[in-house]
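Asker: I would like the entire structure built from these sequences, with the hints used as guidance.
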Amino acid sequence: MTETQSFYTISAPPGMHGIKAWLLTHDHKRLGLMYLAAVLFWFFVALFLGLMLRTELMSQGKTIMEPELYNSVFTLHGVIMVFLFVIPAIPAIFGNFLLPIQLGTDDVFFPRLNLFSWYLFMFGGLFALISLFWGEGFPDTGWTFYVPFSVEVDTNVGLTVTAAFILGMSSMLTGLNFVTTFHRKRHKDMGLMQIPLFTWSLYATAWVQILATPVISITFVLVILERFLSIGLFDPDKGGDPLLYQHLFWMYSHPAVYIMILPGMGVISEIIPVFSRKSIFGYKAIVWSSMGIAVAGSLVWAHHMYTSGMSDVSVFIFSLLTFLVAIPSAVKVFSWVATMYKGSIEMTPPLLLSLIFIYLFSVGGLTGLVLGAVGPDIHVHDTHFVVSHFHFVMFGGTGFAFFAALHFWWPKMFGIMYKFKYAYVGSILAGIGFLFHYVPMLILGMQGMPRRYYDYLPQYETGNFLAGIGAYIMCLGIVIMFVNLALSFRKRVVAPADPWGGTTLEWKVPSPPPVHNFIEDPILPDFPYDFSGITDSVTENTDERV
Amino acid sequence: MEKQEEHHILSYKKLAMVLATLVVLTGITVGVSYVDLGFFNVPVALAIACIKVTFVLLFFMHLKYEGPVIYLSFISTVTFLIIMIGFTFFDVAFR
Chain A
122 MTETQSFYTI SAPPGMHGIK AWLLTHDHKR LGLMYLAAVL FWFFVALFLG
172 LMLRTELMSQ GKTIMEPELY NSVFTLHGVI MVFLFVIPAI PAIFGNFLLP
222 IQLGTDDVFF PRLNLFSWYL FMFGGLFALI SLFWGEGFPD TGWTFYVPFS
272 VEVDTNVGLT VTAAFILGMS SMLTGLNFVT TFHRKRHKDM GLMQIPLFTW
322 SLYATAWVQI LATPVISITF VLVILERFLS IGLFDPDKGG DPLLYQHLFW
372 MYSHPAVYIM ILPGMGVISE IIPVFSRKSI FGYKAIVWSS MGIAVAGSLV
422 WAHHMYTSGM SDVSVFIFSL LTFLVAIPSA VKVFSWVATM YKGSIEMTPP
472 LLLSLIFIYL FSVGGLTGLV LGAVGPDIHV HDTHFVVSHF HFVMFGGTGF
522 AFFAALHFWW PKMFGIMYKF KYAYVGSILA GIGFLFHYVP MLILGMQGMP
572 RRYYDYLPQY ETGNFLAGIG AYIMCLGIVI MFVNLALSFR KRVVAPADPW
622 GGTTLEWKVP SPPPVHNFIE DPILPDFPYD FSGITDSVTE NTDERV
Chain B
2 MEKQEEHHIL SYKKLAMVLA TLVVLTGITV GVSYVDLGFF NVPVALAIAC
52 IKVTFVLLFF MHLKYEGPVI YLSFISTVTF LIIMIGFTFF DVAFR
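Here the protein sequences come in this chain order: A and B. All you need for this note's numbering is the position in the first sequence, starting with 1, plus 121. All you need for this note's numbering is the position in the second sequence, starting with 1, plus 1.
Bear in mind the hints are in silico, worked out from the structure with no lab data behind them. Glycine residues also receive a C-beta, built at the ideal position from the N, C-alpha and C atoms. Incorrect hints may appear among the rest.
[To be verified] Computed beta-carbon distance windows for the label pairs: (1) B:82 to A:604: 23 to 33 Å; (2) A:253 to B:17: 51 to 61 Å; (3) B:94 to A:342: 22 to 32 Å; (4) A:165 to B:47: 44 to 54 Å; (5) A:130 to B:82: 42 to 52 Å.
Answerer: In structure tokens:
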């Protein structure tokens, strides 16, 4: 494949050049890369803010910022990480780039709508930026925008929830595009049980995006109406109910956890069999567990509200339902481990990051059970234990799956290889730093240190200091990882079409792919993970040349 | 890939009949609101509204002529809504 034939050099629609070819593109691959640029920008902003938070907490009293700024920084960190990084990262970047290729087609079903989704994403981010410098500045409510505080506070809540509203629309439209593409544009000979697991996970995620996101959109509109018209929906004096807000918020925001983690699980399901040179264990079980997580994840939202004053019956039922989600999650973890068992394992950076994912996600899942059970939850509610738990899931899970996906599909997206050595160093530092960062928080939470507090009692100082050290090690690892990837553009070691020995359709097309993905009608294997014909090892293809 | 459903164009006559049915049902809703049915005031109004929605979905939105994927998608959406509203009553009804 010559470079002139790749999607970088031929625009879709044809005849456009330069920046116009990007800003008006209908090509799902270009849009994936445009999401990559935007999402990475926000990731590093939020990472920096998080690091500042932990630096502030490394010693008692004021370290680097005042309490008011601290409140805004943790809100900003949460809003950016959730709405502008974790939710869109894998579906918008890798989903856009790979879903049509894995389905054997040339684009998503609604290419123009796809472009519109990207613009909505950019406008949402722009609104969030404007709210920093407009009026009374960024909200200090936390990313949850709980009433009555969010209705009464003077800061820029209105503009920020508008930003989240717009970002929600972007997410919904992406989901709609994926579901429609899955059903209407898949290769005519591709049966449901021939679809790669990453695409299955995106499909399950897309349904959650379509069904749950409108709930948060409506809720944010209600917050704005409350702020400007004081209707009293959440005000008991006017017949309203503050818990109504929490119900509405978590009806979206708990399923949103599965919008975050399901695509990450899909990534791991792709990487593990490739580097184990072995068919994925329990393909159908993984497919059904993805759909099971999407359904079960929609039934458990009120487990965030055990201490809020809702009825005991509700607490009991939601606690019981919460344990159901553990089953499909465990099906996946056991299937990944069983896939590696007696496999011909070849270590690569994507596999190492996937293994780190499995470990960290397992800790995140198991600490989730501690919180799902009412008794221990009441003890550790709103403490650092909760902060640590959801970072194990969102960052240890989705974040590391994102890093793994980036290292796995980097050769496909850019047609170049990166140095393995620095990728290993970065991954190991990030993994070790992660544990040093978040394990002290689990202990601090058990000891009773609340979340979101600017200052703390002397007995919590050692734990917070250690967590701060871990944060710096973790960030160093992440920076090494990304500098290594960026440097691959300088050396430009050309990647072959299939550098890893993958079997799904994206590895059958050139790296980077041509504008319409397939030059000829693709030949579909009966099963997407059949490694019987793969004999080359990864290192023969790549490592010696890097 | 699932089979594409054929496009189905409804006749003006059929559309007009559905419209007339909807107008009549709206009239019934207004009429019933003047009758005190006690506990049944709300259930009756909701039942009429549901019948109207069914007509709109089946004919104006062509659900009657769609395939299983669209049916399943629609049922999933309604089920999600039922869960969201229904499960809230585990809290509200037992406080």
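Asker: With reference to the structure, classify each hint as holding or not holding.
Answerer: For each hint, the structure was consulted:
1. B:82 to A:604: 23 to 33 Å: violated (48 Å)
2. A:253 to B:17: 51 to 61 Å: Between residue 253 (chain A) and residue 17 (chain B), where Cβ atoms are some 55 Å apart, the hint holds.
3. B:94 to A:342: 22 to 32 Å: holds (26 Å)
4. A:165 to B:47: 44 to 54 Å: holds (51 Å)
5. A:130 to B:82: 42 to 52 Å: About 47 Å separates the Cβ atoms of residue 130 (chain A) and residue 82 (chain B), which means 42 to 52 Å holds.
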